[in-house]
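Construct the entire structure; sequences and hints are all you get.
Chains as they are written, first to last, in the UniProt record's numbering: chain C, 1 to 321; chain L, 1 to 340.
There could be a bad hint or two in this list.
[Unchecked claim] Think about it this way: if two alpha-carbon atoms lie no more than 30 Å apart in a straight line, the pair counts; the simulated DSSO-like pairs of lysine-lysine are:
| hint | chain 1 | residue 1 | chain 2 | residue 2 |
| --- | --- | --- | --- | --- |
| 1 | L | K328 | C | K126 |
| 2 | C | K34 | L | K167 |
| 3 | L | K74 | C | K229 |
| 4 | L | K70 | C | K34 |
| 5 | C | K126 | L | K167 |
| 6 | C | K34 | C | K126 |
| 7 | C | K314 | C | K229 |
| 8 | L | K167 | C | K314 |
| 9 | L | K328 | L | K74 |
| 10 | C | K314 | L | K168 |
| 11 | L | K168 | C | K229 |
| 12 | C | K126 | L | K168 |
Since the hints were made in silico from the structure, they are not lab data.
Here's the letter readout for the chains.
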Amino acid sequence: MSALAELGNLGKSSAARPTKGAPNGHRPKATRPKDNRAAFIFLAPWILGLIAITVGPMLVSLYLSFTDYNLIQDPNWIGLDNFTRMFGDERFWNSLGVTLTYVIVGVPLQLGLALIVALALDKGLKGLAFYRSVFYLPSLLGSSVAVAILWKQMFGTSGLVNQLLAVFGIHGPGWISDPSTALGSIILLHVWTFGSPMIIFLAGLRQIPTMYYEAAAVDGAGRITRFLKITLPLLSPIIFFNLVLQIIGAFQSFTQAFIVSGGTGGPSDSTMFFTLYLYQRGFGQFDMGYASAMAWVLVIIVGAFTAINFYASKFWVFYDD
Amino acid sequence: MTTEAAPHSNVPSAATAHRTGAAPGAPRAVVRPVPPSNDAGQGSNGDAPPARRRRLPRGDLALSPRQRVKSLLKHVVLIAAAIVMIYPLLWMLVSSFRPSDDVFRAPGLWLAEAHPENYANGWNALSSPFGTYLLNSTIVVLGAIIGNLVSCSMAAYAFARLDFSGKKWMFAAMLITIMLPIHVIIVPQYILFSQIGWINTFWPLIVPKLLATDAFFVFLMVQFIRGIPRELDEAARIDGAGHPRIFLRVILPLMTPALATTTIFTFIWTWSDFFSQLIYLTSPDVFTVPVALRAFVDAQSSTDWGSMFAMSVVSLLPVFIAFLIGQKFLVKGIATTGIK
Numbered sequence: 001m002s003a004l005a006e007l008g009n010l011g012k013s014s015a016a017r018p019t020k021g022a023p024n025g026h027r028p029k030a031t032r033p034k035d036n037r038a039a040f041i042f043l044a045p046w047i048l049g050l051i052a053i054t055v056g057p058m059l060v061s062l063y064l065s066f067t068d069y070n071l072i073q074d075p076n077w078i079g080l081d082n083f084t085r086m087f088g089d090e091r092f093w094n095s096l097g098v099t100l101t102y103v104i105v106g107v108p109l110q111l112g113l114a115l116i117v118a119l120a121l122d123k124g125l126k127g128l129a130f131y132r133s134v135f136y137l138p139s140l141l142g143s144s145v146a147v148a149i150l151w152k153q154m155f156g157t158s159g160l161v162n163q164l165l166a167v168f169g170i171h172g173p174g175w176i177s178d179p180s181t182a183l184g185s186i187i188l189l190h191v192w193t194f195g196s197p198m199i200i201f202l203a204g205l206r207q208i209p210t211m212y213y214e215a216a217a218v219d220g221a222g223r224i225t226r227f228l229k230i231t232l233p234l235l236s237p238i239i240f241f242n243l244v245l246q247i248i249g250a251f252q253s254f255t256q257a258f259i260v261s262g263g264t265g266g267p268s269d270s271t272m273f274f275t276l277y278l279y280q281r282g283f284g285q286f287d288m289g290y291a292s293a294m295a296w297v298l299v300i301i302v303g304a305f306t307a308i309n310f311y312a313s314k315f316w317v318f319y320d321d
Numbered sequence: 001m002t003t004e005a006a007p008h009s010n011v012p013s014a015a016t017a018h019r020t021g022a023a024p025g026a027p028r029a030v031v032r033p034v035p036p037s038n039d040a041g042q043g044s045n046g047d048a049p050p051a052r053r054r055r056l057p058r059g060d061l062a063l064s065p066r067q068r069v070k071s072l073l074k075h076v077v078l079i080a081a082a083i084v085m086i087y088p089l090l091w092m093l094v095s096s097f098r099p100s101d102d103v104f105r106a107p108g109l110w111l112a113e114a115h116p117e118n119y120a121n122g123w124n125a126l127s128s129p130f131g132t133y134l135l136n137s138t139i140v141v142l143g144a145i146i147g148n149l150v151s152c153s154m155a156a157y158a159f160a161r162l163d164f165s166g167k168k169w170m171f172a173a174m175l176i177t178i179m180l181p182i183h184v185i186i187v188p189q190y191i192l193f194s195q196i197g198w199i200n201t202f203w204p205l206i207v208p209k210l211l212a213t214d215a216f217f218v219f220l221m222v223q224f225i226r227g228i229p230r231e232l233d234e235a236a237r238i239d240g241a242g243h244p245r246i247f248l249r250v251i252l253p254l255m256t257p258a259l260a261t262t263t264i265f266t267f268i269w270t271w272s273d274f275f276s277q278l279i280y281l282t283s284p285d286v287f288t289v290p291v292a293l294r295a296f297v298d299a300q301s302s303t304d305w306g307s308m309f310a311m312s313v314v315s316l317l318p319v320f321i322a323f324l325i326g327q328k329f330l331v332k333g334i335a336t337t338g339i340k
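Here it is as structure tokens:
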């Protein structure tokens, strides 16, 4: 119970106003001195990591984004050149478009399916544990190279999907080799991994007090009314939380596109994800300055999406407290 | 369940109350006029503490024929969906035993004759036997697990139990790093690690974990420690224990479930992680499983599907076993923090 209440809280307080440093109201009164020395010792690895592995590299990458750097010669300050080059770089815009399509189509489909299945599994269903495992397993395996290889075969010209279609007399296209369907195949892989948001939805559904439904049933509310007036509002913090997390995750997808396209982002750049293009520029062509600039653009886009999400949440997320 | 249940009694028998943790409830009736009956969802979950909630025993006798048809239909739909979900994985498993030219002719799961030699072929297809890559992955995974367990639990103790200056912004920084794309630090990190000569070693994959950079686990453990009654450490403090002792003797033993969750997630994620292993490991003798699998695909140019699937199965097997062993902790971990 408390875990989920916290989960709801996270939606409200983590990025917008992350002031929940102190544990839930049990904070000792000011009678005790601060534990600064002990805290520093316990936090030493984390602080070192924050400085050496996170914040330090962030600053360096910010610097590099204004330079021309190929790992061999010293970085050469070129001001905003990397960013202005981006404006004229068709492949950059294409990669942005591919990634946005993936996020905007893939995430709602995945979350919608997660919610539908969670609703179907809710409330005393026989064999819940079995169904939950089966639906959850793909999301554990989905980001692996092995499953990406499987996907590449499944949606190949003579792959599993077309073999199954042939049973019904349909002659399917080469899904992966056709630029118009290649991205769709990868989106489908993303949708297939709906298991982990589904589990979060299931946990959320179990927190809704059944008396609400009982009261509504007594008042004669139908199934749809109860879903719209009780389930959706009370689940909205969870929906919001899933949305924020899945969007952030989807923007960073890499493995699937890399393996399915053999590292090329093809056919015709149709699966050239933003991160894949970043990888090609940085670790293929050693254009580290450009890659760093792209990384910062990604941070800004993800940050903007998250901020918009938090702003918009005021209008549809309902907190029961 | 069907016989002992008194459908309209509000008082569950001791027997049924005792079983709520394990016994799956009967399919849910759509509208149930008797109030306390709708709690079945609480108890039917395998990992809910038993007898936490009162649940009205409901057997199939309680269902009208119409409701029974409905619940049957629901199961039919769910089973069909489950088959669709799991079909690709089963097909991959079956295909890994098929001769390669058959892979393209058989959408079914029927295996006429098994060809285990696919596994032998795949195992020896690259410059080192596949066992080398399994071992490399194991080293990386073990290092990451130890790193995450030690460093994240320490940080979590400080955030959950200690009062110190700058706590609020540090906690905020920790939460923000959860959402930070790795791409914004990967280039300088790569430069840093290449300058200390760590490319093609496992250090770039292990050392960051020793420094609690997987902040979701810090968050997960903070959430968990907050649920441990403070009276326990207050008592230890009165007995004269300092923070190291409270941490090691009181908190750590109580947070085993959170540590188990961390272990399993670290295992699965590090095992499947591709991006950073692809970047840091370029020499075939240090390849981990995902990088080797990718090299395999490139080398075979997608012809030998049989052995490719065989090695894919080998690479997924540890994840699958971890899933079977740690399901309870996986589900809990996700439900608590929303991490995948």
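The hints, checked one at a time:
1. L:K328 x C:K126: Roughly 18 Å between the alpha carbons, so the hint for K328 (chain L) and K126 (chain C) holds.
2. C:K34 x L:K167: holds, 11 Å
3. L:K74 x C:K229: holds, 24 Å
4. L:K70 x C:K34: Violated: K70 (chain L) and K34 (chain C) sit about 61 Å apart, past 30 Å.
5. C:K126 x L:K167: violated, 46 Å
6. C:K34 x C:K126: violated, 52 Å
7. C:K314 x C:K229: holds, 17 Å
8. L:K167 x C:K314: Holds, at roughly 27 Å.
9. L:K328 x L:K74: Holds, at about 25 Å.
10. C:K314 x L:K168: With a Cα-Cα distance of about 24 Å, the restraint between K314 (chain C) and K168 (chain L) holds, given a limit of 30 Å.
11. L:K168 x C:K229: violated, 36 Å
12. C:K126 x L:K168: violated, 45 Å
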